[in-house]
Every structure is written in structure tokens, then in C-alpha cells.
Amino acid sequence: MRLLTHNMLSSNIKGVTNGFPLLIEVEKVVEKQVDFNEDFLRNMFPKIEWKALVEASRTMGYTELPENAESSMLDSDEFLRKFHHALIELHLEEGALVCPETGRKFPVNKGIPNMLLHEDEV
Amino acid sequence: MLSRTAQIRLVSSHPEVYDPCDDSFALVDALLADRANLLEHRPSICMEVGCGSGYVITSLALMLGKGNSGCYFIATDINPHAVGVTHKTMEAHGCHADLVTTDIASGLEKRLAGSVDVMVVNPPYVPTPEYEVGQFGIASAWAGGENGRSVIDKILPVADNLLSDKGWLYLVTLTANNPSEICLQMMKKGYASRIVLQRSTEEESLHIIKLWRNLDTQLEVC
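Going down the list, the sequences are from chains A and B. The first sequence begins at 116 in my numbering and counts up by one. The second sequence begins at 387 in my numbering and counts up by one.
Taking lysine-lysine and the DSS-like style, the derived pairs with C-alpha atoms no more than 25 Å apart in a straight line are:
id : chain 1 : residue 1 : chain 2 : residue 2
1  : A       : Lys162    : B       : Lys552
2  : A       : Lys197    : A       : Lys162
3  : B       : Lys496    : B       : Lys540
4  : B       : Lys496    : B       : Lys596
5  : B       : Lys596    : B       : Lys574
6  : B       : Lys540    : B       : Lys596
7  : A       : Lys197    : A       : Lys147
8  : B       : Lys552    : B       : Lys574
9  : A       : Lys129    : B       : Lys540
10 : A       : Lys129    : A       : Lys220
11 : A       : Lys166    : B       : Lys496
12 : A       : Lys225    : B       : Lys474
13 : A       : Lys129    : B       : Lys496
14 : A       : Lys147    : A       : Lys162
15 : A       : Lys162    : B       : Lys496
16 : A       : Lys147    : B       : Lys474
17 : A       : Lys143    : A       : Lys197
18 : B       : Lys540    : B       : Lys552
19 : A       : Lys166    : A       : Lys143
20 : B       : Lys474    : A       : Lys143
21 : A       : Lys220    : B       : Lys496
22 : B       : Lys596    : B       : Lys552
23 : B       : Lys540    : B       : Lys574
24 : A       : Lys147    : A       : Lys166
Beta-carbon label-pair distances, calculated as ranges:
id : chain 1 : residue 1 : chain 2 : residue 2 : range
25 : B       : Glu477    : A       : Lys220    : 20 to 28 Å
26 : B       : Ser566    : A       : Val149    : 39 to 47 Å
27 : A       : Lys143    : B       : Ser591    : 45 to 53 Å
28 : A       : Asn133    : B       : Asn423    : 39 to 47 Å
29 : B       : Gln584    : A       : Pro161    : 33 to 41 Å
30 : B       : Ser591    : A       : Lys166    : 45 to 53 Å
31 : B       : Lys552    : A       : Glu216    : 32 to 40 Å
32 : B       : His400    : A       : Asp235    : 24 to 32 Å
33 : A       : Glu234    : B       : Asn423    : 41 to 49 Å
Since the hints were derived computationally from the structure, they do not count as laboratory data. For every residue, glycine included, the Cβ atom is placed at its ideal position computed from N, Cα and C.
My request is simple: use the sequences and hints to build the entire structure.
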């Protein structure tokens with residue numbers, strides 16, 4: 116699971132109002148090299164919750180992202196590469212996503228998060 | 387020559403997962419026929435709901451250029467086995483999609499709202515008794531309840547929420563699902579539509595619908 120996907124996931128448990136971002140419990144992180152695409156990064160940037168991305172990447176062991184970001188920084192190659200690395204190249208292979216409100220854990224196995232709810236959570 | 391669609395010999399399988407069949411091939415044929423438009427469309431986010439074996443999302447990734455890191459592919463399925471099989475199928479073809487085991491797009495809806503440029507859905511469309519709908523395991527691949535519309539009718543509002551302004555939805559339906567009524571319903575929400583492919587097999591008559599927001603003429607609902 117890439118951090119781009121983590122940035123798009125929120126807790127789907129009934130009644131939860133503060134379900135984003137999900138906290139990350141890391142068991143295994145894998146880095147997979149992917150070709151850099153500037154257009155894609157520029158398209159994605161406005162959709163990304165930056166603080167959540169920074170926090171998540173730090174949990175995964177990557178500390179290079181700046182605390183804050185604005186679109187003018189996309190003109191910097193260095194920034195783009197860090198953004199690319201955090202968003203696309205870091206994978207949570209094994210671990211869990213945790214609902215920030217209820218503490219409920221959504222398992223991540225082989226890079227796939229399981230967001231299926233139990234009957235009483237729907 | 388690089389294959390533009392997934393190859394059956396590389397598609398993974400599992401007893402609880404729906405193997406690619408006429409409906410899967412029809413959807414991929416429809417996408418292939420629209421390939422030039424899809425490439426020109428330059429989607430940033432492509433999503434499949436109900437990825438099954440991974441045949442369709444893999445084919446979509448291949449036909450948009452698997453080296454094309456300009457697009458984010460995401461796929462979901464309610465059946466964890468299906469998601470696992472899709473993962474293997476994608477890997478076998480050298481493709482990548484982010485996969486989530488979930489009911490339609492549950493968990494993704496808030497953050498992905500208005501962001502999906504291409505959505506492809508081959509839903510459980512077979513008319514069945516209502517109690518067969520939403521069972522885990524392979525039946526979730528076909529059980530569609532009354533007129534085969536139970537899951538389709540759940541998916542349409544989700545698609546409406548997730549699709550971007552330029553978003554396109556490709557949906558597989560049967561005659562029994564009343565595709566023209568689906569198009570009419572969506573028209574009231576401001577969508578234009580076209581049946582992009584029709585195919586009759588011995589058992590069923592398939593209609594692949596393409597839907598997109600008609601931004602020029604939004605109908606007012608009285």
C-alpha cells in the first residue's frame with residue numbers, strides 16, 4: 116500500500132466523525148523504485164493532505180519531507196523527488212491502519228489493506 | 387509486440403474467484419475500442435470496483451501504457467481472495483495497482499470524491515433472490531438480487547460521488563438490468579450516456595454503458 120492510497124483512506128466505521136488520517140502500524144516496509152512523472156505529481160498535489168503524508172512517511176522511516184508544502188515548491192526538482200519517493204515508492208507491506216477515533220485496526224497484508232467492516236460497524 | 391490486454395495464461399486464479407468470462411472480455415473490448423479517447427483523456431486516477439481476477443484492471447493498465455507512471459490505478463473487491471488474485475495477475479504482467487479489500491469504495495469515498503477520471507465496473511448483475519446478494523465468496527461476483535440491480539444501484543451513487551468533472555464510467559449490464567432505465571436515472575443526475583458495446587452470447591445479452599457528466603446541459607429535477 117502506497118502512501119498515496121493511505122492518504123485516500125479514512126475510517127468507514129459507522130458514527131466515526133474523525134476518521135482521517137488512519138494511524139499506521141508498521142511491520143514491514145518495502146521500497147519499490149518507480150519512474151518519476153512530474154505531471155502526475157502536479158496533478159496529485161492539490162488532493163494530498165500534506166500533514167498526513169508527512170506523518171505517515173515518518174512512521175515508515177522517511178524523514179525528508181518538509182513540514183509544510185505549497186504548490187510553488189513543485190518547481191523544485193529536489194522537492195518533487197522527495198514527494199515522489201514518499202507518495203509512490205514507499206509501501207507498507209505488512210502492518211495495520213488504525214482508526215484514530217476508535218482504535219480499530221484494519222490489517223494490511225501483502226500490501227493490501229482490508230477495510231471490510233463487521234456487521235455492528237456498518 | 388507488447389500485448390495491449392491481459393493474457394489469460396498470466397491471469398491468476400482461485401476457486402472462490404470469478405475467472406474472466408464473456409462479460410470481462412466485452413468490457414475490455416469496449417475499453418480497447420475507446421483506447422485512443424482514453425489516452426487523449428489523460429486520466430490521473432483510474433479505478434475498478436470489483437476487480438475479480440484482475441483481468442480488466444490489468445488490461446486497462448496495459449492499454450494505457452504500463453510504463454505510464456502518469457496514472458494511478460486503484461482497484462477494490464469485497465472478496466479478499468479476489469484482491470489477492472488481482473495482485474498476482476498484475477505482478478505477472480509487470481503492472482501495479484493499489485488494491486483495497488472493501489465493499490465498493492467504502493473507506494475511500496471521502497478522500498477520493500470528485501477525483502476518479504476513469505471508473506470501470508463489471509458488477510454482479512445476475513438476477514437472483516435477494517438473500518444471495520452480498521454473500522462473501524464467489525457468489526458475490528454474480529448475485530445481483532431483483533432484476534440484477536441490487537449492487538448496481540449501490541454502485542451508481544458511489545460512482546457519481548467519486549467521478550471527477552471529466553470522469554468516465556464504463557458499466558457492464560444485462561438486458562435484464564434495464565440499461566436504458568439506468569441511463570435515464572443517470573441523465574437526471576446530469577450524465578450523458580452511450581451503449582458502447584453490445585454482445586449476445588448463448589446465455590445473456592450484454593450492454594456496456596459509458597457514462598460521463600454532461601457539463602453543458604444539467605437537467606433540473608422538478
